[in-house]
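If you read the protein sequences in the order shown, they are chains A and B. Going by our numbering, the first sequence opens with residue 1, and the numbers climb by one from there. Going by our numbering, the second sequence opens with residue 1, and the numbers climb by one from there.
The hints are simulated quantities; they were obtained by calculation from the structure and are not laboratory data. Beta carbons are placed, not taken as given, at the ideal position from N, Cα and C, and that holds for glycine. Hints are supplied without guarantee of correctness; some may be wrong.
If you want a taste of the chain A side facing chain B, the calculated C-beta under 8 Å gives, among others [stated by the list, open to error]:
#, residue
1, Asp231
2, Phe427
3, Lys505
4, Glu517
Protein chains: 2
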Amino acid sequence: MTDIERINELTEKYFTAENKKEIENELKELILPDSIGLAQINTKAGDIEYNSKKIIKYINFAQNIRLNFVIFPELVLTGFPLENSIENHPIIADEGIKWLNEIAKITTKTTALVGFVEHDGGKFYDSVAVLQEGKITDIIRKSILPQNCEFNDYNCITPSQTSNVIVINGIKYQILIGEDYNINQNADVIINICATPTKIKNIQLENNLLSSVASKYSVPLIYVNQVGATDRASFDGTSRVFDKDGKLIACAKSFEEQFLIVNPSKSLGKIYPSEILSAKTEKQFSLDYEADMKRTYKTLIQGIKDYFGKTGFKRAVLGLSGGLDSTVCAVLLTDALGKENVFGISMPSKITSQTSKDDAQVLAQNLGIGFTVAPIKDMFDTTNNCLQNLFSEVEKHFDNRYKQSFTADNIQARSRAMFLWGVSNEFGSCLPIATSDKSEAYMGYATINGDMSGGFAPIADITKTKLFALAKWLNKNRTQKDVIPQSVIEKRPGAELAIDPKTGKPLIAEDALMPYEFLDEVIWRIENKKENYHDMQKSEFLYEKNHSLLKEQKTQWLDKFYHRMSTALYKKLIMPPYVIVDSPSYNSKQPITSCGINYKGVTKEKIEQKIQQWS
Amino acid sequence: MTDIERINELTEKYFTAENKKEIENELKELILPDSIGLAQINTKAGDIEYNSKKIIKYINFAQNIRLNFVIFPELVLTGFPLENSIENHPIIADEGIKWLNEIAKITTKTTALVGFVEHDGGKFYDSVAVLQEGKITDIIRKSILPQNCEFNDYNCITPSQTSNVIVINGIKYQILIGEDYNINQNADVIINICATPTKIKNIQLENNLLSSVASKYSVPLIYVNQVGATDRASFDGTSRVFDKDGKLIACAKSFEEQFLIVNPSKSLGKIYPSEILSAKTEKQFSLDYEADMKRTYKTLIQGIKDYFGKTGFKRAVLGLSGGLDSTVCAVLLTDALGKENVFGISMPSKITSQTSKDDAQVLAQNLGIGFTVAPIKDMFDTTNNCLQNLFSEVEKHFDNRYKQSFTADNIQARSRAMFLWGVSNEFGSCLPIATSDKSEAYMGYATINGDMSGGFAPIADITKTKLFALAKWLNKNRTQKDVIPQSVIEKRPGAELAIDPKTGKPLIAEDALMPYEFLDEVIWRIENKKENYHDMQKSEFLYEKNHSLLKEQKTQWLDKFYHRMSTALYKKLIMPPYVIVDSPSYNSKQPITSCGINYKGVTKEKIEQKIQQWS
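Kindly produce the complete structure, drawing on both the sequences and the hints.
Next comes the structure, spelled out in structure tokens:
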């Protein structure tokens, strides 16, 4: 084991160790001059006291082990993203500055770079304070703001050019905040202080960019990133150091708060295995999600943990239907919150099959979570009766009563949500879970105030085919193997809300929608390749390679996709919070009243014809 | 009546008239050279065929009456806002261009300025096409994009400098798109093509700005604005012309699609009465909302009409509790959709008072809307029984069961929503209505899947004290007077979900929260003056002028406000769509996990103490 490996091993142990003094002494011996601590920390948005406590913890540690330089991520004091919070409540920035002044006083033996929102002369800046000698000695402002930032934070931030080079022990460090790449050719080391959310597509790009900046200017580059989730936004940490040739010499863990000690001047560091750097995305749609499973799992677990932890909830209650969605949710919640904090309820109706009931129970047993059975018959019957009486009254005033409606289907889903929200109301710190997945969310194949209702929606950004892969991966890779019954993975998904008149059996989702293999590729092509209706007509789908598919059938599915997507915009708006795993953007929106968009378009001839007709 | 008045009177009649030819002939006689048509139109976001049809209608009219210049608002062809639609589906822009080329062909006798999204070389521009002589003769691009636009549309738009002066009949017109104010000193007339959403605070400002630009450069200024609502965003139209001294010489109606004919060169125009120009906001909080009532009412009616119309819904079902919120919603829905399209349901529980039941029925009778009574007793009893059984099972696994919970209250609100969503599922084109108001939304004083659930929330941006004023105004100003029973306006609001143990009567909302007069001023001070906790401690509230208020009581209310606001962030996220009336921003957001923000802050001494304690 090299010294730098030993240093990081000891650092990892330190915060939970009994023998802190002993570790400090050993570290003092081992640490070379000009070593730097990268404090990759998980903050709470806007909770300055919470964030300050963490910052102080790491500054004190640095000083105790005679490390004279420690770097925190961008906006670490206030947290990021805060969306419009600072704009609406400037006191958050002012409180941050009050805390910063006091934190500065403890930095008697170290230099700390602390990101914060500067509030000066009515303007806000995205700044980094240099704390040393017991005071704030310098402030560096972000001079170039991100174009089209997905978060609203920059609505109130002013770009501003300041000197951004500081000298410590004769070494010139240039400090760059976020994507503000104005390289000073005389710097000895570049420090890039960031809060970059994880996006699988950007990971390789970002890594290559950092490496190429280092090699282009022939200077070591330190990248310090935030870790943790804030609602939809997930930060993976993975702070890194590149040497002057652009070679990776140190890398912190992904999805974990870590204090990584490096020495860029001597090219010393430790590369921790990272779910981020090992993740790969395919250049074309594939059902082989293997290379992205670890990142997916960690993103989901961090997303759940942080949402519950940061909002003060600790327990979850969910319906266990015996289907794939609720099953995967139960496993993820168990891993994120602990089995003692998860309660599953099987809520069968007369349509629910015995296999589904059995699968729900076996899963709960395997996981060791709380479990009970609560049939919905009584609620369904009462509600249905009341509604039938009501409908006959409404019919006197409203025409156009459907001959076949989804009313009965929805009463079932809503009765179940009534149970879950009831438990949440009755027991402390408990959130009900919405189990909708991404494929269904696109299709609006979920019931309002029913299965899509909840305090959190763990898998709302995971498509169905990826969920199948995740279920298999969980069975293989968790310490406890095969918790998910094989039949859950094998059966064809369906809501079990209605009987298919053709088969006399519960309706299968793929029969109501289209094959998930096809549906998920449509979503993938829109999100990743921005393909449109006509592009997709021309593209060869994986489904077409695996099955024979008539052109008419493909057209029908594409038409159905766009039609359903257009009418599901409202459901997207009221979707409970979830963490983004695969979507290319965090805050992408579309007005509900834009449901009239014709994604197919019309021909020039048709336009001419219409214009003539209107004239 | 002057000629220009007669011209506009005829134009108003034209589109529904039988004797179109006759009107055209009279107009041809009256219209002077260099007159201009301002086509203030209401578009559907992304629905290019719908928008094109309107554009063509007005171009054809202009040509029929030998008007040789017609101007449409910014981005009229594609609609605005489209948020991320163009970015995700570039085909929308491409379709727009296809239509534009065909529309150009009809412009043989007029020049039309049509805003559209230009898509060229992989980039998007916010552009205006000059259509004349049967083709696109010029394209002007927006060169300065709005800083911190609240909508995501500009995420994909590139700013670009183009020549922006066109000459028609020897007159030099400079075309400015939105806030792109680069005045060319040689222009004879400035044309400002906009899509500016309504904000009461900005109205006077904007009007003054337009006037001062005209007078500063001593040139007439034409401002053409969009009208209509797109989800939250409301556009009021109110297109205007100022003469070279900055004097208003023409003004189109507010909240109505209109084709206004003006002659800036000869300073001829007609000023229609406008709810926008007559609206006033107080510089301090007041319960006198009179001067803003017309604007408020028109914004709400347009918001409801356009949301329903543009999504293809035409009917609404709502619960009538006999309270203020549902009462005002019922009146607004009746005015926006027609009484035949509104159905009110009284859903009493054992807590519901006889007055409430009577008031609901009287209101429905007065309005002539559909009405029935559907007691919730059976659903409540069944659900409550089922839940009690479930809770005894959950209790075996989860501790911390509340001794006093909101479970029973919420079952009532959720049973009612079950009825409303049932009607929506069973009858075509029918949306259930969420009746939450803004004061309650801030306080989270509404039930998830209950009264805050619905397809649309008409009054979610109106505070309670303003709703009282609106109720009185409606009674006085609608053609049919006094539809709202006096007792609704007089009684103190309460959800009638629980009995106050102190009084033995239904709990009053102000006892659970704080006086609405105080609460609404807190909201007003945050939104309009960005005041914080400490500012408000110091400010004298209207409530303090009208009542004696102990400092301790004020502190307690402020503490309660910030606490409740912090824990209501989730409810804000899943709020159904509504139109913005008073909020200063359209897309203001705050992460739910920012619930730990300390809006009071701590003292310097306290910080020092904490830091010492942690070290």
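Going down the list of hints, with the structure as the test:
no.: 1; hint: Asp231; in the structure: holds (5 Å)
no.: 2; hint: Phe427; in the structure: holds (5 Å)
no.: 3; hint: Lys505; in the structure: violated (23 Å)
no.: 4; hint: Glu517; in the structure: violated (22 Å)
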